[in-house]
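> Sequence:
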Amino acid sequence: MNVGEVWKKCLESIRGQIPSQHFDTWFKPIVLAGINETSLELEVPNRFFLEWLKDHYLAVINEAIKKASQREYSVIWRVGKTSAQRTPHVSLPSPVQAAAIAERVLTNTGLNPKCTFENFVVGKDNQLAHAACLAVANQFSNRYNPLFVYGGVGLGKTHLLQAIGHRVLERTNSTKICYYTSEGFMNEFVTVLQRGKIDDFRNKFRRAELLLIDDVQFWAGGEKARTKEEFFHTFNALYEAHKQIVITSDKFPKDLYGLEERLRSRFEMGLIVDIQPPDTETKMAILQKKASLESIMLPDDVTFFLASVGGSNVRDLEGYLARIIAVSSLTGTEITLPMVKETLKNIIKDNKVKAITVDGVQKVVASFFNIKSGDLKSKSRVQNFVLPRQIAMYLARECCKSSFPEIGAAFGNKDHSTVIHACNKVKGLVEKNPEQRKVVISIKNLLEKSG
Numbered sequence: 008m009n010v011g012e013v014w015k016k017c018l019e020s021i022r023g024q025i026p027s028q029h030f031d032t033w034f035k036p037i038v039l040a041g042i043n044e045t046s047l048e049l050e051v052p053n054r055f056f057l058e059w060l061k062d063h064y065l066a067v068i069n070e071a072i073k074k075a076s077q078r079e080y081s082v083i084w085r086v087g088k089t090s091a092q093r094t095p096h097v098s099l100p101s102p103v104q105a106a107a108i109a110e111r112v113l114t115n116t117g118l119n120p121k122c123t124f125e126n127f128v129v130g131k132d133n134q135l136a137h138a139a140c141l142a143v144a145n146q147f148s149n150r151y152n153p154l155f156v157y158g159g160v161g162l163g164k165t166h167l168l169q170a171i172g173h174r175v176l177e178r179t180n181s182t183k184i185c186y187y188t189s190e191g192f193m194n195e196f197v198t199v200l201q202r203g204k205i206d207d208f209r210n211k212f213r214r215a216e217l218l219l220i221d222d223v224q225f226w227a228g229g230e231k232a233r234t235k236e237e238f239f240h241t242f243n244a245l246y247e248a249h250k251q252i253v254i255t256s257d258k259f260p261k262d263l264y265g266l267e268e269r270l271r272s273r274f275e276m277g278l279i280v281d282i283q284p285p286d287t288e289t290k291m292a293i294l295q296k297k298a299s300l301e302s303i304m305l306p307d308d309v310t311f312f313l314a315s316v317g318g319s320n321v322r323d324l325e326g327y328l329a330r331i332i333a334v335s336s337l338t339g340t341e342i343t344l345p346m347v348k349e350t351l352k353n354i355i356k357d358n359k360v361k362a363i364t365v366d367g368v369q370k371v372v373a374s375f376f377n378i379k380s381g382d383l384k385s386k387s388r389v390q391n392f393v394l395p396r397q398i399a400m401y402l403a404r405e406c407c408k409s410s411f412p413e414i415g416a417a418f419g420n421k422d423h424s425t426v427i428h429a430c431n432k433v434k435g436l437v438e439k440n441p442e443q444r445k446v447v448i449s450i451k452n453l454l455e456k457s458g
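Residue numbers for the sequence shown follow my numbering, so the first one is 8 and each next one is one higher.
Among these hints, one or two may not hold up.
Said to hold, decoys possible - Within a straight-line C-alpha distance of at most 27 Å, the following computed DSSO-like cross-link-like pairs (lysine-lysine) qualify: (1) Lys-352 / Lys-296; (2) Lys-386 / Lys-408; (3) Lys-250 / Lys-231.
Stated by the list, open to error - Here are the computed distance ranges between Cβ atoms for each label pair: (4) Asn-353 / His-63: 39 to 45 Å; (5) Arg-269 / Asn-353: 45 to 51 Å; (6) Ser-380 / Glu-125: 41 to 47 Å; (7) Asn-149 / Glu-58: 17 to 23 Å; (8) Asn-149 / Lys-15: 19 to 25 Å; (9) Glu-190 / Glu-268: 21 to 27 Å; (10) Glu-44 / Arg-269: 49 to 55 Å; (11) Arg-150 / Lys-348: 45 to 51 Å.
No wet-lab data here; the hints were simulated from the structure.
Every residue, glycine too, gets a C-beta built ideally from N, C-alpha and C.
Turn these sequences into a full structure, and let the hints guide you.
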């Protein structure tokens, strides 16, 4: 078997191990650039792509090569020369010029200065979307054109979309970046129609180097026929000119039933990535990041509380944090857990958390520790049962809002003082012990999913 066949067999093996979307994103672009009896030379589009591949799939690749060839082959990585040759050299302006360009472009495009890649918190639920957006921002790619990012409200789609704009501005100093919500695109189109300046509109959009369209699902409702017709031709003009297009939506393209099939099919021509709701650990990281940007030190117990009751909408979390910071600043009050609970007592209405029952907590905790629910209710002092029981009591208190006597009754008629002791102990572990905090967060994530 020659080396070329080895690599082909490797790809077949890898395809069967990972989701097809991941395979299309990270393995289809790889080119076998050179072969000999001892090594494979693989070419990737850019350095970011290479670093991501090494961080996440190097072991998979090496194992697939070994399995396919029954021997050890070394891999020589190369960042694509052809891509580099196509990228024009850009002379960087002076700091004063750069600032002037940035200010002018930000004004023209409506990009939010805070929505950058540096300010975006990456978790397992948005990892692929972040990587795809960063790859496009660092180097436009026909393979990822258009890039279609979808997911629920408040999960970070707009942040990533604008982060692409910022990074391209830094990289190219281009003034031909168009960022628009779908509603904004429609409103401007209607205005130019009324003023008889449709040519100006078309020149603006069809000469763009980068088109960023947010919340395209807006066009699925109502008629908006002329707007959709105009966007269809704008899309085609940019695509055929090899200009980058990035679109966000709250739904997968096929589920945008109010859009014509010809538009939906074009949204599927490139790469489609989704963003899922963040887990508790990611929400904690987001809160800490947002607080640090405001030069605020957020206590761990406050962070955990907000992540636990704040739901999956990141905008809601940011709203809670903004209120807490405002109250603290205006009243001179230290940010503590009691202060936060008092500040948000009339705001937080997390139905998901309220739906979790004590019985549900017991089942999830027992399953997590591979014991029986009855062990949590028993009087046994075996160490394998004590900590899980205490964690279950703590989560019953936090997630179900049950009283100490109610929790005690649900755990084999334990005295309420026993429950208080358990809650205080686990609270201390969450605050001071990173490993135990991870355990509690993991169980909390399972509870949210089961709820």
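> Hints first: check each against the structure and report whether it holds.
Going down the list of hints, with the structure as the test:
| no. | hint | result |
| --- | --- | --- |
| 1 | Lys-352 / Lys-296 | holds (24 Å) |
| 2 | Lys-386 / Lys-408 | holds (24 Å) |
| 3 | Lys-250 / Lys-231 | holds (25 Å) |
| 4 | Asn-353 / His-63: 39 to 45 Å | holds (44 Å) |
| 5 | Arg-269 / Asn-353: 45 to 51 Å | holds (49 Å) |
| 6 | Ser-380 / Glu-125: 41 to 47 Å | holds (45 Å) |
| 7 | Asn-149 / Glu-58: 17 to 23 Å | holds (21 Å) |
| 8 | Asn-149 / Lys-15: 19 to 25 Å | holds (23 Å) |
| 9 | Glu-190 / Glu-268: 21 to 27 Å | holds (22 Å) |
| 10 | Glu-44 / Arg-269: 49 to 55 Å | holds (50 Å) |
| 11 | Arg-150 / Lys-348: 45 to 51 Å | holds (49 Å) |
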